[in-house]
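Chain residues, written in single-letter form:
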Amino acid sequence: DARVTQTPRHKVTEMGQEVTMRCQPILGHNTVFWYRQTMMQGLELLAYFRNRAPLDDSGMPKDRFSAEMPDATLATLKIQPSEPRDSAVYFCASGLVTFLGRGLGETQYFGPGTRLLVL
Amino acid sequence: LAKTTQPISMDSYEGQEVNITCSHNNIATNDYITWYQQFPSQGPRFIIQGYKTKVTNEVASLFIPADRKSSTLSLPRVSLSDTAVYYCLVGGAFYNQGGKLIFGQGTELSVKP
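Going down the list, the sequences are from chains A and B. Read in my numbering, the first sequence has 107 at position 107, and its numbers run on one by one without any break. Read in my numbering, the second sequence has 76 at position 76, and its numbers run on one by one without any break.
If you're looking for bench data, these hints aren't it; they were derived computationally from the structure. We put the beta carbon where it would ideally sit given N, CA and C, even for glycine. Worth double-checking, as some hints may not be accurate.
[Said to hold, decoys possible] When the alpha-carbon atoms are kept at most 25 Å apart in a straight line, the in silico DMTMM-like pairs for lysine to aspartate or glutamate are as follows:
| id | chain 1 | residue 1 | chain 2 | residue 2 |
| --- | --- | --- | --- | --- |
| 1 | B | Lys69 | B | Glu17 |
| 2 | B | Lys3 | A | Asp57 |
| 3 | B | Lys54 | B | Asp82 |
| 4 | B | Lys69 | B | Glu108 |
| 5 | A | Lys78 | A | Glu44 |
| 6 | B | Lys3 | A | Asp56 |
| 7 | B | Lys3 | A | Glu44 |
| 8 | A | Lys62 | A | Glu44 |
| 9 | B | Lys112 | B | Asp11 |
[Said to hold, decoys possible] Derived coverage of chain B by chain A (criterion: at least 3 residues anywhere in the stretch with Cβ under 8 Å from a Cβ of chain A; other residues may be distant):
| id | segment |
| --- | --- |
| 10 | 41-55 |
| 11 | 102-112 |
Let the hints inform the model, and build the full structure from the sequences given.
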């Protein structure tokens with residue numbers, strides 16, 4: 001049963017420290033999403049990659065967040081420097097764009113998330 | 001950008017059928033309707049997807065009327081383990097013709113014994 005994996009599952013750090021979150025998408029999937037979830041804001045899209053190319057990162061605070069896909073099996077999300085307001089659960093999802101008969105469709109498969117706490 | 005509207009919360013009892021309706025008045029011609037389920041401390045999980053009429057799988061059914069301006073997720077005979085947040089999304093591939101899938105606030109379903 002193919003799954004998206006994320007590491008670490010939990011991270012506690014101090015304000016100002018760099019945080020790196022990693023995601024291994026499902027083999028063969030050509031899209032990767034990064035989301036942030038908080039009680040107040042719900043699920044917010046941070047970045048989107050298709051075939052490893054970043055197509056949208058408009059949801060990310062550009063001054064401190066960066067997202068990359070160094071290869072097809074690894075996506076990273078970095079926060080530098082981290083702030084207490086970055087505390088949230090960060091989800092990675094991978095998907096496959098397919099033709100569903102009426103147009104292109106895309107189903108997202110989510111990882112278990114990284115629970116980040118910035119003190 | 002198709003916006004969706006769902007009830008914020010619903011209550012049910014074990015064994016009942018639960019229907020969650022989602023409104024999407026400005027759905028585009030090529031948009032699909034997809035439902036996700038999220039348990040506490042887990043990522044959302046795909047449940048079902050459809051374009052029109054009725055779709056059924058081992059977990060749920062999805063009813064879409066001819067005008068496609070709404071859709072109803074039907075969960076037959078719910079159990080306590082169906083307590084979760086359910087999200088309705090409308091769109092195609094993320095950047096298909098400028099489309100963008102956005103998770104709304106979802107419907108928090110609480111199943112009671």
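Compare the distance between the alpha carbons of Lys3 of chain B and Glu44 of chain A with 25 Å, and conclude whether the hinted pair is satisfied.
-> holds (15 Å)
Could you grab the alpha-carbon distance between Lys3 of chain B and Asp56 of chain A and see if it respects the 25 Å cut-off?
-> holds (19 Å)
Would you mind confirming whether the straight-line C-alpha gap from Lys62 of chain A to Glu44 of chain A stays at or under 25 Å?
-> Holds, at about 15 Å.
Straight-line alpha-carbon gap Lys3 of chain B to Asp57 of chain A, limit 25 Å | holds (20 Å)
Are 3 or more residues of the segment 102-112 of chain B near chain A, judged by a Cβ distance of less than 8 Å?
-> holds (count 5)
Below or equal to 25 Å on CA atoms is what counts here, so check Lys69 of chain B against Glu108 of chain B.
-> At roughly 22 Å apart (the allowed maximum being 25 Å), Glu108 of chain B and Lys69 of chain B satisfy the hint.
Annotated coverage of the segment 41-55 of chain B by chain A, confirmed only when three residues or more have a Cβ within 8 Å | Three-residue rule met by the segment 41-55 of chain B, so holds; n is 8.
Measure nothing beyond the straight line between the CA atoms of Lys69 of chain B and Glu17 of chain B; if it is 25 Å or shorter, mark the hint as holding.
-> With Cα atoms ~22 Å apart, Lys69 of chain B and Glu17 of chain B stay inside 25 Å; holds.
Would the pair Lys78 of chain A and Glu44 of chain A pass a check requiring their Cα atoms to be no farther apart than 25 Å?
-> holds (16 Å)
Lys112 of chain B paired with Asp11 of chain B [C-alpha distance capped at 25 Å] | Measuring from Cα to Cα gives roughly 7 Å; hence the hint holds.
Going straight from one Cα to the other, do Lys54 of chain B and Asp82 of chain B come out at no more than 25 Å?
-> holds (21 Å)
Checked against the numbered hints listed earlier, the structure breaks none of them; every hint is satisfied.
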